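As you go down the protein sequences, you meet chains D and B in turn.
Positions 4 to 162 (my numbering) are the ones given, in order, by the first sequence.
Positions 4 to 162 (my numbering) are the ones given, in order, by the second sequence.
I should point out that these hints are in silico values taken from the structure, not numbers from a laboratory.
Since we're looking at a predicted model, the values are computed, not measured.
Careful: at least some of the hints might be erroneous.
[Stated by the list, open to error] Restraint-style ranges between C-beta atoms, simulated for each label pair:
id: 1; chain 1: D; residue 1: E117; chain 2: B; residue 2: T126; range: 22 to 30 Å
id: 2; chain 1: D; residue 1: Q146; chain 2: B; residue 2: Q150; range: 38 to 46 Å
id: 3; chain 1: D; residue 1: Q146; chain 2: B; residue 2: K51; range: 47 to 55 Å
id: 4; chain 1: B; residue 1: Y77; chain 2: D; residue 2: P49; range: 25 to 33 Å
id: 5; chain 1: D; residue 1: E117; chain 2: B; residue 2: V86; range: 24 to 32 Å
id: 6; chain 1: B; residue 1: P12; chain 2: D; residue 2: M162; range: 36 to 44 Å
Cβ coordinates follow ideal geometry from the N, Cα and C atoms, glycine included.
There are 2 protein chains.
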Amino acid sequence: MTPRTLLQPNPKLDLVLERDVDVPTELVWAAWTQPEHVKHWFAPAPMKITECEMDVRPGGIFRFVMRSPEGEEYPSVGCFLEVVPNERLVWTDALLPGYRPSENPFFTAIVKLEPRTGGTRYTAIALHRDEKIRKQHEGGFHQGWGQVLDQLVEYARNM
Amino acid sequence: MTPRTLLQPNPKLDLVLERDVDVPTELVWAAWTQPEHVKHWFAPAPMKITECEMDVRPGGIFRFVMRSPEGEEYPSVGCFLEVVPNERLVWTDALLPGYRPSENPFFTAIVKLEPRTGGTRYTAIALHRDEKIRKQHEGGFHQGWGQVLDQLVEYARNM
């Protein structure tokens with residue numbers, strides 16, 4: 004397991020969303036790691052996830068397609084790097100499944116979960132290679148990842 | 004641990020060097036994972052390793068500098084992805100330490116070790132994102148990685 008010190012975000016290059024949610028850690032983990040759940044909350048509405056494939060282990064595929072109401076499709080493929088159930092999930096689009104370098108690396112995502120009374124401290128971190136990409140991602144990250152966290156919480160209530 | 008099926012090379016995109024060497028698996032592993040050893044064999048002579056830094060765990064740094072006899076320096080930095088002692092070491096320059104995407108991704112390297120009577124089956128695999136990069140790497144890989152394996156064997160005899 005990677006030491007925590009290696010996963011500290013750099014404010015110049017990275018984006019961080021931290022929030023306490025009233026969903027048990029195990030449920031957040033399940034919602035995040037099973038394609039049949041991910042489909043229901045991972046795209047910011049009115050976008051939808053139309054395909055989702057996950058092999059949740061280091062080197063395993065994480066592939067999904069988002070579709071806009073106009074029918075435009077946004078496919079993404081990457082691989083998982085670290086999987087610590089109920090604690091930490093790390094994946095990147097800089098590497099394809101089996102660790103092959105990708106054509107269009109954009110970011111690495113770290114999702115950290117910590118149990119809290121009545122729920123979970125949820126931290127999402129996006130790591131970028133430079134300030135330019137961080138800036139491109141800034142609006143979409145804070146709005147998008149915030150919105151899908153609301154959707155996850157809503158969805159998890161009925162899981 | 005990544006399933007073996009995920010780490011199968013693709014002949015169009017990847018390069019593979021496989022050879023049986025008369026060095027015990029544990030010694031090959033030690034030579035590959037300790038900077039004070041790596042310095043002695045990892046650069047194809049007359050190149051030299053002048054700096055080497057390794058934090059051999061997933062997300063940990065793998066940084067080195069090669070120097071030519073003319074004094075030109077070739078620095079490289081990446082991170083380890085998988086570390087299975089005496090069996091498998093995976094690292095990439097597509098990610099910096101802590102999994103941050105890098106500026107100039109070139110390849111992912113897999114070193115596999117299997118004990119054999121009298122020594123070790125040594126397999127080095129280089130994964131590339133496209134055929135063009137594979138072709139760029141082809142000459143250097145077969146000559147360079149072959150030569151440094153000879154150097155490793157020679158060095159390991161006196162470890």
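Hints and how they fare:
no.: 1; hint: D:E117 / B:T126: 22 to 30 Å; verdict: violated, 40 Å
no.: 2; hint: D:Q146 / B:Q150: 38 to 46 Å; verdict: violated, 53 Å
no.: 3; hint: D:Q146 / B:K51: 47 to 55 Å; verdict: holds, 51 Å
no.: 4; hint: B:Y77 / D:P49: 25 to 33 Å; verdict: violated, 50 Å
no.: 5; hint: D:E117 / B:V86: 24 to 32 Å; verdict: holds, 26 Å
no.: 6; hint: B:P12 / D:M162: 36 to 44 Å; verdict: holds, 40 Å
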